[in-house]
Structure formats: C-alpha cells, structure tokens
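**Student:** Sequence:
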Amino acid sequence: MIQKKPLILGLGGTPRRGSSSERALAISLKAAEAEGARTLLFSGAELLLPMYMPGERPSEQASPLLAALRDCRGIIISSPAYHGSISGLLKNALDYAEELRTDARVYLDGIAVGCIACAGGWQAAGQTLSVLRTIAHSLRGWPTPFGAMLNTSVPLFDGEGNCTDPAIRGQLETVGRQVVGFIQARHRSIPSARSSVMEDAK
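Note that the working numbering gives residue 125 to position 108 of the sequence shown, counting from 1, and the numbers run on in steps of one.
Any given hint could turn out to be false.
[As the list claims (entries may be wrong)] Using 20 Å as the maximum straight-line C-alpha spacing, the simulated EDC-like pairs for lysine to aspartate or glutamate come out as follows:
no.: 1; residue 1: K22; residue 2: D88
no.: 2; residue 1: K47; residue 2: D175
no.: 3; residue 1: K108; residue 2: E77
no.: 4; residue 1: K21; residue 2: E63
no.: 5; residue 1: K21; residue 2: E50
no.: 6; residue 1: K22; residue 2: D182
no.: 7; residue 1: K47; residue 2: D88
no.: 8; residue 1: K108; residue 2: D126
no.: 9; residue 1: K108; residue 2: E52
no.: 10; residue 1: K21; residue 2: D182
no.: 11; residue 1: K108; residue 2: E63
no.: 12; residue 1: K22; residue 2: E63
no.: 13; residue 1: K21; residue 2: E177
no.: 14; residue 1: K21; residue 2: E73
no.: 15; residue 1: K47; residue 2: D126
no.: 16; residue 1: K21; residue 2: E52
By construction, these hints were calculated from the structure, which means they are not laboratory data.
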C-alpha cells in the first residue's frame with residue numbers, strides 16, 4: 018500500500034457551477050478518496066484561465082493548476098461535449114501541461130488518466146471520450162480501461178448533485194477506482210522491476 022496518499026487531480030466542468038460534467042467528476046473523485054487517495058478539484062471559474070501562449074511565461078493564474086499537475090499521481094478529466102469534442106475551456110487548461118515538457122516527469126508520463134464525457138446524445142459522448150483518450154496518450158498518460166459516457170438528455174442528477182441512475186453512478190465510481198488501482202499497481206511493480214535490473218547486472 019502506498020504510504021503517502023496519492024493526489025488525484027480532477028479537471029472538468031463548465032463556468033457554470035453544478036454542471037453535469039462537474040457533478041460526474043465529483044462522484045468519481047469521491048470514489049477515489051474511498052480507495053485511499055487525496056483529491057483536488059479544478060472546475061468552473063478555476064478553469065477560466067488566459068489563453069495558453071507557447072513560449073511565453075504562463076499567467077500567474079495558472080500557477081495552482083501547474084503545481085497540481087506536477088504533484089498529482091492521477092488525473093480524472095470530465096468534459097461536456099461541444100460539437101463533438103471537448104470544451105475550449107478544458108482544452109486550454111490541458112494546454113498548460115506543455116509547461117511540464119522539461120520536467121523530470123515529462124508531461125503526464127506514467128500518470129493514470131480517467132476520462133468522463135457528458136453529452137446530450139450518445140454519438141457526441143462517444144466522440145468526446147475518444148478525444149479525451151487521444152489527448153491523454155499525447156501527453157504520455159495512461160487512460161484507464163474504462164471511460165464513462167453520460168447521456169445528459171435525460172435527468173441524471175438531483176438537486177444535491179447525487180446521481181439518480183445506479184448504472185451511471187457505478188460507471189463514474191469505476192473510473193475513480195481504476196485510477197487509484199493503476200497507481201497502486203505501478204507502485205508495487207517499480208521495486209520488483211528495479212530488483213530485476215539489479216539481478217541482470219550481476
């Protein structure tokens with residue numbers, strides 16, 4: 018078991034508090050906490066960052082996000098579907114990961130990435146989930162085997178943000194558990210991999 022609780026960063030939602038994508042993300046993060054993780058949510062107004070400009074000094078507004086990206090051991094991304102893809106708000110936030118290109122851990126190398134797509138129909142949800150997975154791969158992250166898709170054309174949440182559909186709630190919780198499970202499996206495998214290298218060197 019990991020001694021220090023790993024940090025899971027949640028990114029998603031819209032500028033409107035209480036959006037379906039934000040509520041879905043909160044459920045996944047809660048499941049990750051139940052598995053022993055710490056969580057940090059960046060949503061709503063926290064994602065209203067200046068447009069990322071490659072080659073220029075990042076805005077001070079982005080400092081908390083960059084610190085969280087560097088500290089996290091896993092990420093859960095939840096996006097609404099805007100015309101078959103992720104929102105510009107979320108894409109801009111993810112573009113700031115370019116600042117990690119010269120870090121010891123480049124981008125999201127080896128980081129578990131849980132993906133959630135919310136749309137007013139299944140086609141857009143599927144397309145958006147595919148985009149999220151592609152971005153995770155491009156940043157050297159490891160998308161979890163399971164990704165959640167929500168069809169928000171039907172009510173899924175009550176006034177308190179609870180998911181009223183048990184099957185959908187189970188999907189969201191699975192995403193959170195798989196992110197933590199990946200971290201735990203990777204933590205256990207690293208010592209054995211090092212031992213194997215040492216044995217081969219003898």
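**Student:** Quickly compare the C-alpha distance for K108 and E77 to 20 Å and report which way the hint goes.
**Tutor:** holds, 18 Å
**Student:** Holds or violated: K21 with E63, Cα cutoff 20 Å?
**Tutor:** violated, 26 Å
**Student:** Under the criterion that the straight-line Cα-Cα distance not exceed 20 Å, is the pair K108, E63 satisfied?
**Tutor:** Answer holds: K108 to E63 is near 14 Å, not above 20 Å.
**Student:** Is the straight-line distance between the alpha-carbon of K21 and that of E73 20 Å or less?
**Tutor:** violated, 35 Å
**Student:** Against the 20 Å threshold, does the CA-CA distance of K108 and E52 hold or violate the hint?
**Tutor:** Cα-Cα ~28 Å, so violated.
**Student:** Given the hint that K47 pairs with D88, test it: the Cα-Cα distance must not exceed 20 Å.
**Tutor:** Answer holds: K47 to D88 is near 19 Å, not above 20 Å.
**Student:** Given the hint that K22 pairs with D182, test it: the Cα-Cα distance must not exceed 20 Å.
**Tutor:** violated, 30 Å
**Student:** Regarding the pair K47 and D175, is the alpha-carbon distance no greater than 20 Å?
**Tutor:** holds, 17 Å
**Student:** Would the hint linking K21 and E177 be met if the CA-CA limit is 20 Å?
**Tutor:** With a Cα-Cα distance of about 31 Å, the restraint between K21 and E177 is violated, given a limit of 20 Å.
**Student:** Is K22 close enough to D88, meaning Cα to Cα at most 20 Å?
**Tutor:** Holds: K22 and D88 sit about 12 Å apart, inside 20 Å.
**Student:** Has the given pair, K22 with E63, been kept, meaning a C-alpha gap of at most 20 Å?
**Tutor:** violated, 24 Å
**Student:** Please verify whether K108 and D126 have alpha carbons no more than 20 Å apart.
**Tutor:** Cα-Cα ~18 Å, so holds.
Consistency with the previously given hints fails for numbers 4, 6, 9, 10, 12, 13, 14 and 15, ordered from lowest to highest.
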